[in-house]
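**Q** Starting from the structure of chain L, add chain A where the hints point.
Given next are the chains, with one letter for each unit.
Number of protein chains: 2
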Amino acid sequence: MTTSTQIRMAAYPLGMPQDSDFDTVTVDLPALADGQVLLRTIYLSLDPYMRGRMSTAKSYAAGLQLGDVVLGGTVCEVLESRSDDFTAGDIVLAYAGWQTHAVADAKHLRRLDPAQAPVSTALGVLGMPGFTAYAGLLELGRPEQGETVVVAAAAGPLGSAVGQIARAKGARAVGIAGGPDKCRILLETYGFDAAVDHRSPSFVDDLAAATPDGIDVYFENVGGAVTAAVLKRLNLYARMPVCGLVAGYNDTEQPQGPDQLPGFMRRVLTLSLTVRGFIQSEFVPTHYENFQRDMAGWVRDGQVRYLEDVVDGLEQAPEAFRGLLSGRNVGKLLVRVGTDPTLA
Amino acid sequence: MTTSTQIRMAAYPLGMPQDSDFDTVTVDLPALADGQVLLRTIYLSLDPYMRGRMSTAKSYAAGLQLGDVVLGGTVCEVLESRSDDFTAGDIVLAYAGWQTHAVADAKHLRRLDPAQAPVSTALGVLGMPGFTAYAGLLELGRPEQGETVVVAAAAGPLGSAVGQIARAKGARAVGIAGGPDKCRILLETYGFDAAVDHRSPSFVDDLAAATPDGIDVYFENVGGAVTAAVLKRLNLYARMPVCGLVAGYNDTEQPQGPDQLPGFMRRVLTLSLTVRGFIQSEFVPTHYENFQRDMAGWVRDGQVRYLEDVVDGLEQAPEAFRGLLSGRNVGKLLVRVGTDPTLA
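Residue numbers (this note's numbering), protein chains in the order written: chain L, 6 to 349; chain A, 6 to 349.
Incorrect hints may have been included.
[Stated by the list, open to error] Between beta-carbon pairs, the in silico distance windows are: (1) L/D210 x A/A67: 40 to 48 Å; (2) A/R305 x L/Y100: 56 to 64 Å; (3) A/G219 x L/A213: 38 to 46 Å.
[Unchecked claim] SDA-like cross-link-like pairs, simulated, lysine to any residue; straight-line CA separation at most 25 Å: (4) L/K237 x A/S207; (5) L/K237 x A/R272; (6) L/K174 x L/S277.
[To be verified] Here's a subset of chain A near chain L, in silico, CB distances under 8 Å, partners left out: (7) L192; (8) G228; (9) Q259; (10) Q261; (11) G262; (12) L266; (13) V280; (14) R281; (15) V289; (16) P290; (17) H292; (18) E320; (19) E324; (20) L330; (21) V335.
None of these hints come from the bench; they were simulated from the model.
Ideal placement from N, C-alpha and C gives every residue a C-beta, glycine not left out.
Next up, chain L with everything else stripped away, as it sits in the complex (with noise of 0.2 Å):
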């Protein structure tokens, strides 16, 4: 009998998640069936959307329950086997959320090859963040050579490769990030054309001298005052991909006004702005195959560069989410619950 550890939702965070709002229990797992295989983790992505599930608001994802293991992609080895397309030993990228050992059904499992990449990337630049990156900018943001894409959190997973990618496509991209250390691996680590601050007390200034020919793309992932900022640079035909908006996850109230709302949508009509919610689902069927063959591509090449931030056991998952949600973190935030056998 094989257990596993895990964090479990106890109660519905509001505002940032505390330590009571996890439980951490250890369970059996159930034998195999025909079909499964049993998995150990090795890396437990934590990201953003997160934050989201952890409450009863209506969304495009069923929230957590309570009592439920925290949701979660992972990168996984295969323990055991009792399905033809897997074998012990092959390592996974797997949904198996904030615990150590899972079960899990082999037809929702893809092979990782580790000779390919390293497979932690599966959980960054070529896994779900790079993808809502390409997808979003290519898709939705379209920008055209020689615009400006501008991206907040932009030394985070996301942002460096939206950057990464506008400046791939012949685009100037701007970058926002909180302090001048991130800043700095912004312009030096990704090759951003200019860096932002938004914590210093110019960075409105400083935004509108790093975007000179205005703002033709802005892919929103924060919301909140750097979005304001954002608007006035707008330039007409503007597009604004959104898919996140973390700087209100953990809002417990309604913002105090003005009201903001007639304000922007005069901007939308105005300058003839787009706006356009998504979530990187939508576009797997049209552009995964591309954003595989593209980014692999890239990274390989040295176009696009990536930084992960580890930190080691299971038990730090809730303390690591509050400060990704705090902008504590550089480059892809991953949890080593197990050894990576693929390390030398």
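**A** Frame of chain L, contents of chain A only:
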């Protein structure tokens, strides 16, 4: 020497335009140069967009300068011509504005054929409002067979065209209007599937009852409380073409809180909405020819009906314009500035 009586912008209105914001003067018109014609105004179109030009705010179009003749589409008779393209007696679509006579370059005019349709329709169902409905609905709203299309100010020339085009394309049309008389017109004259009175205390519930399958396309031309109610009924992947926000055109202060923008953006995200501002001129090159063909056909075969609200005398324009902004009229609002020689 011909004179023209003109209504000019004397001051930028604060809120609802006042008589004192306008000046009436009579001026001598210059002699015709080569390629010019002398026009006598028959019909002047009054449209909500004009309020936006009575301002110094940045927009897709330059605002009026103080002293300018107020702008507007007109149907005119050619009195004298120094152009090979027009002769005296021709009826033309022009942009002469709020005045009785004008000198215009022939290249900006389009000849109308009174045998094809009443010439006044060139300002309504076969003109700018009809084209805005056609291009915005078909290119941006893209209703599918059986989907639900909602439009407000639905008794007006734009809204009534949106609803009838939606039905011509096999969609379900729900109109919102102010008061039971307008709602009756929606059902009896325009053939909407349902009509909802936004002045009723049960408006929010009535809208829900009228949209049992939710809303797939909301053609936005009003804003404000109507929009807030519609947002709650939008379906996944709903489209929202935005061509006007008349509810806020006279606002003089930032609207009071709470701030509705974060909630709006959350809905854009979780429902994968598309919000797209536009002005009809964007689609003239690609859609105008099809519009002329389709709309003329629909009007001829009775699939699209229209109403006109004609006010006599240029001096009535300011008061009629206030009525338009207050929702007082039904159908396309026209000022008959001079006699229509095409009427028996």
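**Q** Against this structure, judge whether each hint is valid.
**A** A quick look at each hint next to the structure:
no. : hint                        : in the structure
1   : L/D210 x A/A67: 40 to 48 Å  : 27 Å, violated
2   : A/R305 x L/Y100: 56 to 64 Å : 58 Å, holds
3   : A/G219 x L/A213: 38 to 46 Å : 41 Å, holds
4   : L/K237 x A/S207             : 38 Å, violated
5   : L/K237 x A/R272             : 22 Å, holds
6   : L/K174 x L/S277             : 23 Å, holds
7   : L192                        : 29 Å, violated
8   : G228                        : 6 Å, holds
9   : Q259                        : 4 Å, holds
10  : Q261                        : 5 Å, holds
11  : G262                        : 2 Å, holds
12  : L266                        : 4 Å, holds
13  : V280                        : 4 Å, holds
14  : R281                        : 5 Å, holds
15  : V289                        : 14 Å, violated
16  : P290                        : 15 Å, violated
17  : H292                        : 15 Å, violated
18  : E320                        : 31 Å, violated
19  : E324                        : 26 Å, violated
20  : L330                        : 16 Å, violated
21  : V335                        : 25 Å, violated
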